[in-house]
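Colleague: Here is what each chain is made of, one letter per residue.
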Amino acid sequence: MSTPSQTVGPYLSIGLPWEDGPTVVAEGTPGAVWIRGVVTDGEGTPVPDAMIETWQADADGRFDHPEDPRGARPGFRGFGRAATNDAGEFGILTVVPGELPGEAPHIDVSVFARGLLHRVVTRIYFPENERANAADPALAAVPAERRNTLIAEKTGDGYRFDVRLQGEGETVFFDV
Amino acid sequence: MTTSTESGLILPKYRRDPEGTHPALDDPGYKSTRLRHPKQPLVLLPHKLTEVTGPLLGPGRLGELDNDLTRQHAEEPQGQRILVHGKLLDGNGKPVPNSLVEIWQANAGGRYRHVWDNWPSPVDPNFTGVGRTITDAEGRYEFVTIKPGAYPWKNHDNAWRPAHIHFSVFGTAFTQRLVTQMYFPDDPLFFQDPIFNSVPDEKARQRMVSRFDMSRTMPEWALAFEFDIVLRGAEATPFENEEDEEEDE
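Chains A and B, in that order, give the protein sequences. Going by the numbering used here, the first residue of the first sequence is number 1, and it counts up by one from there. Going by the numbering used here, the first residue of the second sequence is number 1001, and it counts up by one from there.
Here chain A stands alone, though its shape is the one from the complex (with noise of 0.2 Å):
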């Protein structure tokens, strides 16, 4: 009965970036940090014309959302959206996410782009969350020799997370 994908097509950014949208909180909140990164291509080319969407839950793990009765902290979207640049480059200044329930601290992303039939879903994980990362049910479920691929880097103002759609260090996508 569902409706299906489409594209995005070229043209995305006319309609879907908001100004706001890269800004999950507002810039001098504390703990705020970058997760920056490129999107590339099979070749390693990045890719111009893609969009990334992000949701998490607070510092607290919790989630601004019905099915969790626990309610997250007021004001807090956990929602980002960033359109790639020229080069490919996307950020979002966001919160650490909390520990959840039975998982690591995790932010949910959503990629779309021309070319890209159905949005593919990936992870962000935390370098500095070792024990949590070896126990987290989604990670164990993936090669091992592929997790890399969904653990950012940290850096300087935050984190750095690339997304490889295919080819060499081929970034772990999920069905969700």
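Do not rely on the hints blindly, as some may be mistaken.
Each pair of labels, with its calculated beta carbon distance range [unchecked claim]:
1) Asp86/A with Glu1226/B: 37 to 43 Å
2) Glu1019/B with Ala141/A: 18 to 24 Å
3) Arg73/A with Lys1154/B: 47 to 53 Å
4) Lys154/A with Gln1080/B: 51 to 57 Å
5) Gly75/A with Lys1154/B: 43 to 49 Å
6) Pro101/A with Pro1028/B: 41 to 47 Å
Take a look, some chain B residues computed to stay more than 12 Å from chain A by CB distance [as the list claims (entries may be wrong)]:
7) Gln1080
8) Lys1147
9) Asp1157
In case anyone wonders, no lab produced these hints; they're calculated from the structure. Ideal Cβ placement from N, Cα and C applies to all residues, glycine included.
For this one, chain A is given, so just place chain B on it according to the hints.
Modeller: Relative to chain A, chain B alone:
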């Protein structure tokens, strides 16, 4: 089915759509997939808190004239005015209320207001081609816009996109996020369009085609098309433990 977490939260579980509902990521007919589709198998992701929740984006995202693409400029755009309306539903037939619907489209001549679109059809100074609205309590949405034109692209020899409007909807869970395209009935270009035809199931493909709706035409003013959007549904059977859930995948 539902999943219980270690904290005792009982979570809904969203059923996956039947094979053929959505396009494959690799589609040789649509050339842009060649270097962009993942080649490794997708890893099955269990539905936990992150997947059964999703952004609930309210009226704060809307500007005053966002649902009327014909009134966003000093003068009216060129082309045939149309009302596009429908319902946002989940796979159980339940309306999805208070949900953000975003659209973008080409103008009547088939040209997007985008720096990369430079085929020789004029830009309409009175048409941006971007709209937003929120579904009402019954899941209904409406836009007033202009019927977009078909346009050529370089996918294959003499390739033309059928007229379409891009739709982006969230639903209430990360699993329900959908971007699709609404097409118009009886478009003569369907047969040669690899994007429309990327959907394997014929019935699923027809769910992207709007219905001409005489009852909602506005006399002396606008034609009308109805387009319902159906998102993934939740599993019907309530269940209590995760072990049982895995067997069902």
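Colleague: State for each hint whether it applies.
Modeller: Quick rundown of the hints versus the structure:
In this structure the hint that aspartate 86/A and glutamate 1226/B lie 37 to 43 Å apart at CB holds, the actual value being about 39 Å. The supplied range of 18 to 24 Å is met by glutamate 1019/B and alanine 141/A, whose beta-carbon atoms lie about 21 Å from each other. For arginine 73/A paired with lysine 1154/B, a C-beta distance near 48 Å keeps the hint of 47 to 53 Å intact. Checked against the hint of 51 to 57 Å, the C-beta distance between lysine 154/A and glutamine 1080/B comes to roughly 55 Å, which is consistent with it.
A C-beta distance of roughly 46 Å is found between glycine 75/A and lysine 1154/B, which places it inside the suggested range of 43 to 49 Å. As the Cβ distance of proline 101/A to proline 1028/B is approximately 43 Å, the hint placing it in 41 to 47 Å holds. Glutamine 1080/B, annotated as away from the interface, keeps every beta carbon of chain A farther than 12 Å; the closest lies near 21 Å. Residue-level check passed: lysine 1147/B sits 17 Å from the nearest beta carbon of chain A, beyond 12 Å.
Annotated as non-interface, aspartate 1157/B keeps its C-beta farther than 12 Å from every C-beta of chain A; the closest such distance is 19 Å.
Of the numbered hints listed earlier, not one is contradicted by the structure.
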